[in-house]
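Could you build all of it, start to finish, from the sequences and the hints given here?
Chains A and B are the protein sequences, given in the same order.
Taking the numbering used here, the leading residue of the first sequence gets 1, the next gets one more, and so forth.
Taking the numbering used here, the leading residue of the second sequence gets 1, the next gets one more, and so forth.
Incorrect hints may appear among the rest.
Keeping only pairs whose Cα atoms sit at most 27 Å apart, straight-line, the calculated DSS-like set for lysine-lysine is [stated by the list, open to error]:
hint : chain 1 : residue 1 : chain 2 : residue 2
1    : A       : Lys18     : B       : Lys24
2    : B       : Lys90     : A       : Lys317
3    : B       : Lys90     : B       : Lys24
Simulated coverage check for chain B against chain A, where a stretch passes if three residues somewhere in it have a Cβ under 8 Å from a Cβ of chain A [stated by the list, open to error]:
hint : region
4    : 30–36
5    : 53–59
6    : 64–76
7    : 79–91
Keep in mind that the hints were calculated from the coordinates and are not lab data.
The C-beta atom is built at its ideal place from N, Cα and C for all residues, glycine as well.
Next come the chains, spelled out residue by residue.
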Amino acid sequence: MTAILYLASAVAFIVGLKRLGAPRTARSGNRIAALGMLAAIVITLVTGGIVNWGVVLAGLVVGSVVGAWAAVRVQMTAMPQMVAIFNGLGGAASALVAATEVVGADLPALPVETVVTILLSILIGSITFTGSFVAFGKLQGLVPGRPLTFPGQRFVNAVLTVVLVGFAIWAGVASNEAGYWVVASISLLIGVMAVVPIGGADMPVVISLLNSFSGLAAAAAGFVIESNPLIIGGALVGAAGLILTVQMTEAMNRSLANVLFAGFGTEGATSAATMSDKPVKRATAEDAAISLGYADSIMIVPGYGLAVAQAQHAVRKLADALEERGANVHYAIHPVAGRMPGHMNVLLAEADVPYEQLLDLEQADPQFPQTDVVLILGANDVVNTSARDEPGSPIYGMPIFNVDRAGTVIVVKRSLSPGFAGIDNPLFYEDNTLMFFADAKEALEQTTAALRSI
Amino acid sequence: MSTLLVGVTVFVLAAFVGFEVISKVPPTLHTPLMSGANAISGITIIGALTAAGLGATPLAQVLGFLAVATATVNVVGGFFVTDRMLEMFKSRSERERPER
Numbered sequence: 001m002t003a004i005l006y007l008a009s010a011v012a013f014i015v016g017l018k019r020l021g022a023p024r025t026a027r028s029g030n031r032i033a034a035l036g037m038l039a040a041i042v043i044t045l046v047t048g049g050i051v052n053w054g055v056v057l058a059g060l061v062v063g064s065v066v067g068a069w070a071a072v073r074v075q076m077t078a079m080p081q082m083v084a085i086f087n088g089l090g091g092a093a094s095a096l097v098a099a100t101e102v103v104g105a106d107l108p109a110l111p112v113e114t115v116v117t118i119l120l121s122i123l124i125g126s127i128t129f130t131g132s133f134v135a136f137g138k139l140q141g142l143v144p145g146r147p148l149t150f151p152g153q154r155f156v157n158a159v160l161t162v163v164l165v166g167f168a169i170w171a172g173v174a175s176n177e178a179g180y181w182v183v184a185s186i187s188l189l190i191g192v193m194a195v196v197p198i199g200g201a202d203m204p205v206v207i208s209l210l211n212s213f214s215g216l217a218a219a220a221a222g223f224v225i226e227s228n229p230l231i232i233g234g235a236l237v238g239a240a241g242l243i244l245t246v247q248m249t250e251a252m253n254r255s256l257a258n259v260l261f262a263g264f265g266t267e268g269a270t271s272a273a274t275m276s277d278k279p280v281k282r283a284t285a286e287d288a289a290i291s292l293g294y295a296d297s298i299m300i301v302p303g304y305g306l307a308v309a310q311a312q313h314a315v316r317k318l319a320d321a322l323e324e325r326g327a328n329v330h331y332a333i334h335p336v337a338g339r340m341p342g343h344m345n346v347l348l349a350e351a352d353v354p355y356e357q358l359l360d361l362e363q364a365d366p367q368f369p370q371t372d373v374v375l376i377l378g379a380n381d382v383v384n385t386s387a388r389d390e391p392g393s394p395i396y397g398m399p400i401f402n403v404d405r406a407g408t409v410i411v412v413k414r415s416l417s418p419g420f421a422g423i424d425n426p427l428f429y430e431d432n433t434l435m436f437f438a439d440a441k442e443a444l445e446q447t448t449a450a451l452r453s454i
Numbered sequence: 001m002s003t004l005l006v007g008v009t010v011f012v013l014a015a016f017v018g019f020e021v022i023s024k025v026p027p028t029l030h031t032p033l034m035s036g037a038n039a040i041s042g043i044t045i046i047g048a049l050t051a052a053g054l055g056a057t058p059l060a061q062v063l064g065f066l067a068v069a070t071a072t073v074n075v076v077g078g079f080f081v082t083d084r085m086l087e088m089f090k091s092r093s094e095r096e097r098p099e100r
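Okay, here's the thing in structure tokens:
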């Protein structure tokens, strides 16, 4: 009977995920999955033969208060950090579940498969935990966003991996409890070492991959305690995270291995100096307002700079003013814009931009030749024409928005400094490009004000 | 069939279901999808509840408590924040309707 009820939870997860895939049904999908979770928790509390009620209730209360407080308080711009922390805690929980199986267990009596799954669960969960917190630190600016590399890094990581495997085998074969804790410690260290060399702009890939890992950690814990709902829930999340990871790497035209191990952004800084002497056309808020005010079709390309400047509401106001003047306004959202998949869409939804106005890469790119004005807000690499024109560029082959094919391009940017990879952007020096050097929010507010007087 | 083999079978089939269900999600929903999926990975809470509820030694109980607390943050925070995000997603027609 318990098994049937748990199956109902698993079905709720699948139905919920399915409904999360379409805007109209997404909210109900999330609620169905939450109900499935609530059911699974209640079933476990009722049928689990729980003795230590104090410990269980304390954990539930502390976790609920912290989780609800964080969910209510978090700003939409900080959503990637939030998801990173939750990923990490999920991984930690799975590792802890496996760890409690080790404590006080008659280790020599454990079957081989249990030993292997306990070790896997500790390993994946611990890596997810520290990896996610390093990712959080990079997103929050607590850890430098640039790739942190040192000579011999790969060698050190290789040695760590070998030592990890060695201790894992020893812990299993010798049934040594201390061995399990060494495995946990090395795994925690590997989580740090794995994410530290990855640049801040590659965080969409890292967050997706860690999301997948948190699912795999849950599935591994499911094998340890022989629980199908854990295996099913974990496998679903593992698959979801993997799909998003692959989509993100494809959107950057790079392999997963390149993202994880290349320390991207350490090279290529040399070419910046050669081009920065070229003249650019500077624009003021008045110039931008005149260009935009007399345009029929306008495409806005938001990037991470928009999120940093908290300018999502300001851009909505400008778009409203332009629509009142009869212009057709759309937003072109690159898959890797922002710091996690779909981050820009959430920010614009927060500012009440209807989701029909948000176009993805395939929808938006063919429209640029018919677009009068493109407004680029804090985006750089996703409109860098060297990805298309310069085979030697580190980002060559990455699909970009071909904004230079539009009538006029207005780039709002704080300075001419190149993007995360240190790659200069030839777009800035084109004849039809106007550079508006300002904070995105201030630039938008000034332009909206200037628009009223023309 | 051994329990392990049953588990592997369930895992593989569930992974395929996951790929089928999620592969066509539009980019607009990627962030809520990820945070919702993340909340689902908090299903490890049922292992945590058992571990904390049955732990015999103080160490096992401490680890169990930490497992329950972290998993609960994951579950409660994950579903709440996903709901908060999805509440904001509106189509043009919904946006023009008067607010609540």
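Do the hints match the structure? See the list:
With a C-alpha separation of about 10 Å, the suggested pair lysine 18 of chain A and lysine 24 of chain B falls inside the 27 Å cut-off, and the hint holds. With a C-alpha separation of about 17 Å, the suggested pair lysine 90 of chain B and lysine 317 of chain A falls inside the 27 Å cut-off, and the hint holds. Proximity of lysine 90 of chain B to lysine 24 of chain B is assessed by CA-CA distance (about 20 Å); at most 27 Å being required, the pair is judged to hold. Residue count for the region 30–36 of chain B with a Cβ under 8 Å from a Cβ of chain A: 7. That meets the three needed, and the coverage hint holds.
Coverage of the region 53–59 of chain B by chain A holds in this model, with 6 residues showing a Cβ closer than 8 Å to a Cβ of that chain against a need of three. With a cut-off of 8 Å between beta carbons, the region 64–76 of chain B has 13 residues touching chain A; three or more are needed, and the interface restraint holds. Restraint check on the region 79–91 of chain B versus chain A: 13 residues with Cβ-Cβ distances below 8 Å, three needed, restraint holds.
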